[in-house]
Amino acid sequence: SEPAGMLYASGKGSVSGNIVLKEVCDAVRNINSNQAVWLGIKGRTAISLYIREAELYQKMIASLEDGTCKSVEQMAETERFWNQIMMEHALFIRGLLDPTEGELIETADSFAGDYQRLLEEARQKDCRAMNGPTRKTLETTKKYRDFKAAGTKGITGCEIRSIILPLLADHVLREANHYLRLLKQKGE
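In my numbering, the protein residues as written are 4 to 191.
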């Protein structure tokens, strides 16, 4: 077996990458509820999220392997995927905040509603007419990233009452930044 860095140098990286992603998906599907609690994963929703994310990356790797450009349909699918993720983040952030953090709970609810509306708009539009929703998504995601950044700072500084681990707060912030990069690339 070759070291991971050698797989890419030898031209075998993309195939091995897809095999690894498939194995990760299969392993995550087999996690039961007790294992999920032990691993610190918040229920089946998080497991489902990891599987969907890995499957999206599998499709992206397949496109790279085939040398095909992302189609309009793939870009629309990616936007819907990440809007769903951002909505789920808002919902679980809301659920992990202390009830005394009423203003933050309301803000998280508001973002969940924003992403729900964006998902509905995307479902109703032809994927070739996605520029309007993409602009709205970009604006919403910038605001949401700022909310997550402030939340991460507040959590790490012990200024926000919650059961959100600092590592989880940082993770959801990094995902918002990643999504912003994807949206900006789509707009170019």
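No lab work stands behind these hints, which were simulated from the structure alone. Predicted model, so just to flag it, every value in this text is computed and none were measured. Do not rely on the hints blindly, as some may be mistaken.
Said to hold, decoys possible - As a list, the in silico DMTMM-like pairs of lysine to aspartate or glutamate whose alpha-carbon atoms are at most 20 Å apart:
#1 Lys-187 / Glu-142
#2 Lys-146 / Glu-178
#3 Lys-189 / Asp-112
#4 Lys-145 / Glu-109
#5 Lys-139 / Glu-123
#6 Lys-139 / Glu-91
#7 Lys-139 / Glu-106
#8 Lys-128 / Glu-80
#9 Lys-189 / Asp-173
#10 Lys-139 / Glu-124
#11 Lys-139 / Glu-76
#12 Lys-139 / Glu-162
#13 Lys-145 / Asp-101
#14 Lys-146 / Asp-112
Hints, verified against the model:
| no. | hint | result |
| --- | --- | --- |
| 1 | Lys-187 / Glu-142 | holds, 11 Å |
| 2 | Lys-146 / Glu-178 | holds, 14 Å |
| 3 | Lys-189 / Asp-112 | violated, 27 Å |
| 4 | Lys-145 / Glu-109 | holds, 18 Å |
| 5 | Lys-139 / Glu-123 | holds, 13 Å |
| 6 | Lys-139 / Glu-91 | holds, 18 Å |
| 7 | Lys-139 / Glu-106 | violated, 23 Å |
| 8 | Lys-128 / Glu-80 | holds, 12 Å |
| 9 | Lys-189 / Asp-173 | violated, 24 Å |
| 10 | Lys-139 / Glu-124 | holds, 10 Å |
| 11 | Lys-139 / Glu-76 | holds, 18 Å |
| 12 | Lys-139 / Glu-162 | violated, 31 Å |
| 13 | Lys-145 / Asp-101 | violated, 25 Å |
| 14 | Lys-146 / Asp-112 | holds, 14 Å |
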